[in-house]
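Using the hints provided, position chain Y with the ligand relative to the given structure of chain D.
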Amino acid sequence: METKTVQQRLEILSDAAKYDVSCASSGSNRKNATKGIGNGVACGICHSFTEDGRCVSLFKILMTNHCIYDCAYCANRRSNDRQRATLTVEEIVDLTIGFYRSNYIEGLFLSSGVIKSPDYTMERMVQVARKLRMEENFNGYIHLKAIPGASPELVHEGGLWADRMSVNLEIPTEPNLKLLAPEKNYPAIFSPMTQIRNEILASKEEVKIFRNARRFAPAGQSTQMIIGATPETDRQIILLSSGLYKTQNLKRVYFSGYLPVNDYDKRLPALTRPPLVRENRLYQSDWLMRFYRFKAEEILTDDQPFLDLDVDPKLGYALRNLHLFPVDINRADYEMILRIPGVGVQSAQRIILARRHRKLNSEHLSKLGIVMKRAKYFLTCNELPVSTTDWTPEKLKHKLVAGAVSKNKKSLDTQLSLFGNYQPVLPPLH
Amino acid sequence: MTIITYDGTFGGFLTAVFESYNRKIFPVDICSRMGEQKHLFAQKTDIQTDEAKAERVWRGIQQKMTEKNKQFVFYAFLSEEQGIEMKIYRFLRRLFSGNLDIETDFGDPDVLYLTQTSRKVKQEAMRMLQFVRFQHTKDGLYFCGIEPRYDVIPLVVSQFQKRFADQRWLLYDLKRNYGMLYDKNKPQEVVISNKEFSSITGQVNDNVLQEGEEFYQKLWKSYFTHINIQERKNLKLQRQHLPRRFWKFLPEMMILN
Ligand code: SF4
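For the record, the sequence lines run as chains D and Y.
For the first sequence, this note's numbering begins at 25 and goes up steadily by one.
For the second sequence, this note's numbering begins at 50 and goes up steadily by one.
You may find that some hints are simply not true.
Cut-off 30 Å, straight-line C-alpha distance, at most; resulting in silico cross-link-like pairs (DSS-like, lysine-lysine) [claimed, not checked]:
(1) D:Lys391 to Y:Lys244
(2) Y:Lys136 to D:Lys383
(3) D:Lys383 to Y:Lys267
(4) Y:Lys136 to D:Lys59
(5) D:Lys383 to Y:Lys169
(6) D:Lys391 to Y:Lys119
(7) Y:Lys187 to D:Lys155
(8) D:Lys155 to D:Lys270
(9) Y:Lys267 to D:Lys155
(10) Y:Lys285 to D:Lys423
(11) D:Lys397 to Y:Lys169
Take a look, some chain D residues computed to stay more than 12 Å from chain Y by CB distance [stated by the list, open to error]:
(12) His90
(13) Arg102
(14) Ser103
(15) Ser175
(16) Leu184
(17) Leu203
(18) Leu225
(19) Asn345
(20) Lys383
(21) Glu387
(22) Val395
Simulated from the structure, these hints should not be mistaken for lab results.
Backbone N, C-alpha and C fix where the C-beta goes; we use that ideal spot for every residue, glycine too.
For reference, chain Y alone in the conformation it holds in the complex:
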C-alpha cells in the first residue's frame, strides 16, 4: 500500500510517474501533498519535482499518442478532478506497456472518462475566447478579470497574443489570483496585490476607466438589445449556450441603464 505525494503541478505528477517506474512502486493513489489527508495508514512516498524526468515522460507520451490527442493527458490533468491522477496513471501504464492506440478504446472507463474530462477543459478554454471582455483603462491597458472553472488561462494566452498583438492586455483569473500580462512583446505571469477592480465581477473602478470605454459599452449594450428578435424569444436556449456563471462578467448581461 504505497501512496505517492507530489507538489500538485503537472511536472510533479509526471515526475511521480517516472519514479513509479524507476523505483518499481505500484501506488494505490497519487495525490498532491497539499491536498487533504485521505490515507492515514498508508505508506507515503513523497516525490520532488524534477523537470528533466518530467520531460522524459512527456516525450514518451508524445511518441505514443496520435497528433490529435497530444495534449489529451495534460488537459485531463488540468480538470483538477478528484482522483484524476490515478486515472491518468493507469492510462499511462497501459500506454507504455505497448498497447497500440488505446486512446480510442472508449469502452474502457478510464479512457472514456479522460476523453470527456479533457473535452470539458478544452471547452472551458474555448469559453475564455468567447466570454472574455476587456475594459480599456486610463493607462491604455485592456483588462479582463474572469473566473474559469479550470486553470485554463495559460491555454489561451497564445491565441489572445495572436489576436490582440498591438494592444496591451491583462487576463486575470480572479479565483486563482494570478494573471497573464501581455505588453506587446511577450506574455508574463503576474499577481496583483493592489487591486483597482472588483475581485468578484472583475469590473475596473470607474476612476481608472479610459474615457470612451463607457461609450463603447453603452453602444454594445444597445446593439445587443436591438439585434434580438423578440418574436423568437427563447431564454432556455440562451442559457444553454451562455452559462449563468459568466453573466456578471459580460456588460451586455448587466442590467441596462
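Here chain D stands alone, though its shape is the one from the complex:
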C-alpha cells in the first residue's frame, strides 16, 4: 500500500523522469475551442530553467518507477534497490491542471516504468490523457511515451489524445541494446514507431479532406538515444538519426549523454562525468542537418568516425573544405552563406534580404550579428581582403580555437532558441 505523501512520490518520480531529455512543447497549435483550459503555441514555451540550464516546459513525470525490466543503463531497473512510487491517474491529472492554471507549465510529458505488462502500463497512461482531454477540458500540450510492446489499439488511442508521441530507441545499435537490455529488441521499438509514423501521415491526409477529422499526434514524433554507454561512433549515430528523420519522419532525435547511474554494472563504461561536449557536438550536427542543409555524409566523412571535440562541426567542415572559401557575401547563394562559420540562420536570411538594397561591408556584417572574429577567414565582402589563402587548416584551427577561449564564450547549450519567430498579437489600436 502507498503510504508516501503526494509530495514524496512526486519527488521520487520526477527524480526518475529527469533523464528524459525532451521537454519541448513545440509544434502544436491546438486551440482552446471548448473554452476550457489551455492551448498550444507552435513555437513552444519554456517556463523555467533548472540549475543544469535545461528548459522546463512540460510537467515531466513517470507514472511509476516500478519496472519489470532490468535495463543496465537505467536507474529504475528492477534489480536496483531504490525508493519506488506510483501516482494514480487522478493525481497526475490534478497536478497537471494545478500547475497549468498557475502558468508553471505548457502541459504534461508522461512516461513510465513497466508494471505488470506493457499493455497494463500503456492503458493507464492513455487514461490520464483521455481524462485530461475529456473530463478536464484540457487543451494544453500532452506528450505520451509509447511503451514498446503495447498493443496497436492503445498506441492508436494515445495518439488521438496526445500532441506528441515518442518511443525511445535508447541504444544506437541493436546488438548493444540486447547486451544492455536483454528483454528489449528493435522490432518492439520500431513497430510502434512505424505505426505512429503511418497514423500521423494518414491523419494529415484526412485533415486535408475533412477539416474536422481527428488529428493524430499533430506535433509529431520524437525519439531519444543514450550516447556514450556503448561504443558506437559519432558517424554511426549521425547516419542513424538522419535515417530516422527520413524514414520515420521524426520531428526530433534527442541525445542523452550517459550518466553513470549503475556503476556497479561491468557492461557499462566507467565514466566520471557525462560526455557533455560530445553530446553538444552531436546536437550541433543535428542542427546542421535540420536547419543548415547539410547532409550527414558531409558532417563526417568515411575516414572520420568521431566529431572533433575542439571545434564545432560546421567549422570542422569549413576547415576540411577550405577550397570552397572565401564566400562572397554579396553574391553567393543562401546555401553557401549558411556554411560560413560564424553566420547563423537568421543572419544568413538577413544578408540575403539586405544585400538587395546595397552592397554589404564588414561593418554591416558585424551589426547584423555575424561573429566576424570567426567569419572573416571565410568570407569576402565589399572591402574585406581575402585572408584565407595563406592559411593551412591546422594553423587556422589553432588560431580560431585559441581565440575562442574568451570571457564571453557562451555556455554549452543544447537547446535551440525557440522564440525567434514568435509574434504576439497586436491589440486593437485605441
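Leaving out everything else, chain Y with the ligand in the frame of chain D:
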C-alpha cells in the same frame, strides 16, 4: 528648427506624423511633452492626439509593410527608448516616399535599429508568457504581479485569454501600476489602489491566498528541485535563459523552506 511634442501615446505619435505631412513640417525631433526639456531654444509645435488621423497613418503603414512586419513600428515604439520617435519617423518618411520593401534594408542604421528594438520588445512579451506565475486567491482570482521592462502586458492579453478562458485572472504591471483583468468574458484595464500584494515581488498577502495554493507551490518547488540533473549543473546557462530580474516573481527561485 521645429520640435514636435505629443502626449507620449502611440496614437499621439502617429498624429504627429500625420501633421508633419499636413503642415509640411520637417521636425528635428519628436518627443513626449511629458519628457524632459532637451531643446530650450527650438520652436515647439504641440500636437493633439486625433484618433482618425492616427488611424489613417496606421493604415498607410499596414499597406506598405509585409505581413510579417505589420506590427514592427508599434513594437519598436513600445520600447520607450530615447529618440525612438525620430528613428521611426525617418523610417516612415522613406516608407511613404515609395521605397519598396525598405524593412529589409538592414544596411541602413535606422532599419537595423528598429528591427533589433522591436525584437527586444517581442522577446519581453514572450517572457510574460514564460514567467507569469498566477497565485490563486480566496475569491477565486488568479493574480500575477510582474515588472516587464517594456509596456507589453497589452500585447499578451489575448494569448492569456485564449489559454485561461475558464478562470478569472489579473495580470498586474507593478512598475506602471495598472493591470488587465479578465472575468471570463473580456479583459479590461484596471488600477488597484488598495493593494493586498507586495508591489515589489507581486506576492499576495498570505491571508488572501486560496487554500491549496501553498500546497501547489510547494509541490512545484519540489518538482523543480528534483527534475534537475546535479551532474550537469550549469548555473551560467540557467542565468542566460532565466534573467535575474524575474527571480523574485518565481516561486521555484525563492528559497526553499
Ligand atoms: S524498461 Fe524503461 S524504466 Fe524499465 S528498466 Fe528499462 S529503461 Fe528503465
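Evaluated hints:
1. Between D:Lys391 and Y:Lys244 the CA atoms are separated by roughly 45 Å; this puts the pair beyond 30 Å, and the hint is violated.
2. For a cut-off of 30 Å, the pair hint linking Y:Lys136 to D:Lys383 stands: about 22 Å separates their Cα positions.
3. The hinted pair formed by D:Lys383 and Y:Lys267 fails the criterion: a straight-line CA distance of about 58 Å is larger than 30 Å.
4. Distance check on the hinted pair: Y:Lys136 and D:Lys59 sit about 42 Å apart at the alpha-carbon level, beyond 30 Å; violated.
5. Only pairs whose Cα atoms come within 30 Å are accepted, and D:Lys383 paired with Y:Lys169 is accepted, the gap being roughly 27 Å.
6. A distance of roughly 23 Å separates the Cα atoms of D:Lys391 and Y:Lys119; the hinted pair therefore holds under the 30 Å criterion.
7. With a C-alpha separation of about 27 Å, the suggested pairing of Y:Lys187 with D:Lys155 holds against the 30 Å cut-off.
8. Using a Cα cut-off of 30 Å, the hinted pair D:Lys155 and D:Lys270 is violated, with the two alpha carbons roughly 34 Å apart.
9. Straight-line distance between C-alpha atoms of Y:Lys267 and D:Lys155 comes to about 25 Å, which keeps the hinted pair within the 30 Å bound.
10. The suggested pairing of Y:Lys285 with D:Lys423 holds, with an alpha-carbon distance near 26 Å, which does not exceed 30 Å.
11. With a C-alpha separation of about 25 Å, the suggested pair D:Lys397 and Y:Lys169 falls inside the 30 Å cut-off, and the hint holds.
12. Non-interface status of D:His90 relative to chain Y is upheld: no Cβ of that chain comes within 12 Å, the nearest being about 18 Å off.
13. At roughly 22 Å from the closest C-beta of chain Y, the C-beta of D:Arg102 stays outside 12 Å, upholding its exclusion from the interface.
14. With a least CB separation of 22 Å from chain Y, D:Ser103 remains clear of the 12 Å interface cut-off, as annotated.
15. No beta-carbon of chain Y comes within 12 Å of the beta-carbon of D:Ser175; the shortest separation is about 30 Å.
16. Once the 12 Å rule is applied to beta carbons, D:Leu184 is consistent with being away from chain Y; the minimum gap is 22 Å.
17. With a least CB separation of 24 Å from chain Y, D:Leu203 remains clear of the 12 Å interface cut-off, as annotated.
18. Taking the minimum C-beta to C-beta distance to chain Y, about 29 Å, the non-interface status of D:Leu225 holds against the 12 Å cut.
19. Separation of D:Asn345 from chain Y is adequate, the least Cβ-Cβ distance of about 28 Å exceeding the 12 Å criterion.
20. For D:Lys383, the requirement that its beta carbon stay farther than 12 Å from each beta carbon of chain Y is not met, with the minimum near 8 Å.
21. Non-interface status of D:Glu387 relative to chain Y is broken: a Cβ of that chain comes within 12 Å, the nearest being about 9 Å off.
22. With a least CB separation of 16 Å from chain Y, D:Val395 remains clear of the 12 Å interface cut-off, as annotated.
Figure legend: structure checked against the earlier numbered hints; hints not met, in rising order: 1, 3, 4, 8, 20 and 21.
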